[in-house]
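Novice: Residue strings, one per chain:
Protein chains: 2
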Amino acid sequence: MSNRITDLEQLKTLLDKARSRGRNIGFVPTMGYLHDGHLSLIRTSASLHLFTVVSIFVNPLQFGPNEDYDAYPRTEDRDFALAQNAGADLVWFPRKQDIYASQSETTVLPGSLAHKLCGLSRPAFFGGIATVVLKLFNIMGPCHSFFGEKDYQQLTILRRMVLDFFVPVKIVACPTVREADGLAMSSRNVHLKPKDRHLALSLIRSINMAQEMARAGQLSCSQIRHSLIEQWPAGIELDYMDFRDDTQLANVERVEPSTRLFVGAWLNGVRLIDNASLWMQQTTRLQDSLS
Amino acid sequence: MSNRITDLEQLKTLLDKARSRGRNIGFVPTMGYLHDGHLSLIRTSASLHLFTVVSIFVNPLQFGPNEDYDAYPRTEDRDFALAQNAGADLVWFPRKQDIYASQSETTVLPGSLAHKLCGLSRPAFFGGIATVVLKLFNIMGPCHSFFGEKDYQQLTILRRMVLDFFVPVKIVACPTVREADGLAMSSRNVHLKPKDRHLALSLIRSINMAQEMARAGQLSCSQIRHSLIEQWPAGIELDYMDFRDDTQLANVERVEPSTRLFVGAWLNGVRLIDNASLWMQQTTRLQDSLS
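Heads up: the sequence lines are chains A and B, in that order.
The number in this note's numbering is simply the position in the first sequence, starting from 1, with 2 added.
The number in this note's numbering is simply the position in the second sequence, starting from 1, with 2 added.
Bound conformation, chain A alone (with noise of 0.2 Å):
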């Protein structure tokens, strides 16, 4: 049976026990309405033996102003009995003003990697990720936390910060997991209407035909782009179709083994991303001409 905390202190209490018996943390952050990808995070640390503690908090920190914190799905008793199922030794439902007391005014300012793809649109997200996640490494004292490459970019920047900050904690990237059409899964494709669900599925389909393109023998990114853009349909805004390295996410024009197309949309009102390596493919090919 796992443990279901919301009090601070209860939390470092029962950290302490699970330390003075030999056992490391993993933690996995989250925002709650868990998925199969959350889950898997859980498991992997689960599998590695570790005390797993999974927290579930929408941060306010990294939400704008006209985002949708308030509507953002809280759904508790779901969330614990998934996370125990997945293997979670205790599910922590932090306090806002335990995170942030009223006086509080520190936060982690992150650089250059911040301020492209998702923050062009949204300045603040970040930020607010950061600095809810240092505090959450700082409260849990983890050997390991678990993160999704479906959100690589922030991803990047927890590892930047964990360098940067020398935090000791070690950072796991997880895949993206997918529903069985492909769409990478998220808490919020709950808000999406039936009729557009094949309109969601423009971002992984663009990145299958640049794995393809690339595989075929196609390394010019902005060649890529060309053919991505020209059938991408109507009724799905693009924000962005972005080809970068995957450490200091800068653009780059062919495709190597640190590349990865990144897409961000909006279809009516939901946010969708998406990215994944295009080299993987490329792998693939040259060993199948190999051997």
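Quick caveat, the hints were computed from the structure, so don't treat them as lab data.
Pairs of lysine-lysine residues, derived as PhoX-like cross-links and limited to a Cα-Cα distance of at most 25 Å, are as follows:
| id | chain 1 | residue 1 | chain 2 | residue 2 |
| --- | --- | --- | --- | --- |
| 1 | A | LYS172 | B | LYS98 |
| 2 | A | LYS172 | B | LYS19 |
| 3 | B | LYS172 | A | LYS14 |
| 4 | B | LYS172 | A | LYS19 |
| 5 | B | LYS14 | B | LYS172 |
| 6 | B | LYS14 | A | LYS172 |
| 7 | A | LYS98 | B | LYS172 |
Calculated Cβ distances over 10 Å to all of chain A for the following chain B residues:
| id | residue |
| --- | --- |
| 8 | ILE7 |
| 9 | GLU11 |
| 10 | HIS51 |
| 11 | ASN68 |
| 12 | ASN87 |
| 13 | LYS152 |
| 14 | VAL192 |
| 15 | ARG227 |
| 16 | VAL254 |
| 17 | GLU255 |
With the Cβ distance kept under 10 Å, some of the chain B side facing chain A (calculated, not the full set):
| id | residue |
| --- | --- |
| 18 | VAL110 |
| 19 | LEU111 |
| 20 | GLY129 |
| 21 | ALA132 |
| 22 | LYS137 |
| 23 | ASP166 |
| 24 | GLN250 |
Here a beta-carbon is modelled for each residue, glycine too, at the ideal position from N, C-alpha and C.
Use these hints to put chain B onto chain A, whose structure you have.
Specialist: Same frame as chain A, now just chain B:
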């Protein structure tokens, strides 16, 4: 004998070794050119039987574009000897590229506490300090860290950061150490010309006068300020003379237990600051009147 080291990995090894011997770490971050103020911090840490580490690092991030980073005095041999004599177990001279790796870009953003007093003329100053101190805390993992009350705004901002980020360290504030004539010790005092010395004492004279007035029952901050401004000499440029509480640094109108006077000035290009509680004297007066 203290250890004198530069290498980050060697530092970590020595800290792990000390911890494995059951020692807790006491940390004194400095920019070098040590004076009795720094040495009192080192002595306090050593007196608590902590494994006392002094870092000596002129932090580029806290200097503005027109400030004196290159001219800041660097005297490593002298500093090492002084720190050793004061009881340091280890003196660390970090390499700039270890603290600020080439792709490093994440910083700490203090809030409103950094936008007053010294923050008005030095907008990037406290963010630079908070950033380097957080890095050093995470490298060191100290249980206690020692700061002088002379830099009271810095102390307040770091205390806020530690609370806001849940950094597991106790900040210890140590009293301002003064020259025989009352001048608050500072590495920058070396830049004062002998003929300017009497003018440099304007800050502590103002503070003492305010303490006298409070002791005599004058608790109106604006009345006290009026008298201080009247006697402020020509030849030293006043930057601020503020009555503020000791936690939020909010302006106050009447002297209370939490009230401090903060003075900042420029003297022929040399920045001078000082501050003190106005209540200690008040308490003394009350005790005097009771005895």
